[in-house]
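Letter by letter, the sequence shown follows residues 7 to 220 in our numbering.
Some clues are possibly wrong.
[What the hints assert, rightly or not] Cross-link-like lysine-lysine pairs, in silico, DSS-like; alpha carbons within 25 Å at most:
id	residue 1	residue 2
1	Lys-21	Lys-128
2	Lys-195	Lys-133
3	Lys-43	Lys-85
4	Lys-128	Lys-172
5	Lys-133	Lys-145
6	Lys-129	Lys-195
7	Lys-133	Lys-191
8	Lys-133	Lys-36
9	Lys-172	Lys-195
10	Lys-145	Lys-172
11	Lys-36	Lys-129
12	Lys-133	Lys-43
13	Lys-195	Lys-128
14	Lys-85	Lys-145
15	Lys-85	Lys-129
16	Lys-21	Lys-85
17	Lys-85	Lys-128
18	Lys-129	Lys-194
The set of hints was computed from the structure by calculation and includes no laboratory data.
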Amino acid sequence: MNTLFTQQWNVDRDKEDEYLAFITEQYNPKITSLGLKIVGGYYVEIGPGPTTVAAFSADNINLINEIAISEEFRQITNKLNFYVNNRCTALGFSTGRVSQETYTIQEGVWKWNHYYNVRPNKKDAYKHTLGQIVTVIEKLDFVELTQEWHMLYGGRGDYLLEMTFKDPIDVARLLNNQQFRNLEKLIKKELIIDYSSRLLRSTERFDKPRWVTL
7 MNTLFTQQWN
17 VDRDKEDEYL
27 AFITEQYNPK
37 ITSLGLKIVG
47 GYYVEIGPGP
57 TTVAAFSADN
67 INLINEIAIS
77 EEFRQITNKL
87 NFYVNNRCTA
97 LGFSTGRVSQ
107 ETYTIQEGVW
117 KWNHYYNVRP
127 NKKDAYKHTL
137 GQIVTVIEKL
147 DFVELTQEWH
157 MLYGGRGDYL
167 LEMTFKDPID
177 VARLLNNQQF
187 RNLEKLIKKE
197 LIIDYSSRLL
207 RSTERFDKPR
217 WVTL
């Protein structure tokens, strides 16, 4: 099962140099030693914060929960809090409706993430429309519908639909696609509520398996 565990925060700009050293020398090594896989580091360019997004994965949700309640995780998180504020955590799993491929690091990309809840009486219609969106996007060579996540806690909605682009200008190209626009209008008007979105870019100083924010 694909899992997504994120920690999000704002960096204290007065402590940026110390923060960068901490992330590289302590935080990332400790997180990976506990069993989490680093699958992305992002900066929110458009949309609500926190502005830094650290994305992790693991083989299963039980392992993530075990790590999250461990003393070692609490200790490294307490150290992180010296350098950041507005930190929050989210956990989700893949629904399998968009992709069943293993979720891995993506470098040099932009993410257009959609957050929402599905109307209780529109579950079947939503699934059908999502399938249509998958079909439309599969025909386009400038966008990837990467994953649909069901968020267990900490999400901006029950669902996170993740799209990936190489260039942010391609978001406008997608919005100019009439088939996508029609489906987007339908899904927002009739099938979902509490919608929001964010545009994120992967951090430039990205060195597998480590990431640091700008």
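Hints numbered earlier in the text: which of these fail when held up against the supplied structure?
1, 4, 8, 9, 11, 12, 14, 15, 17
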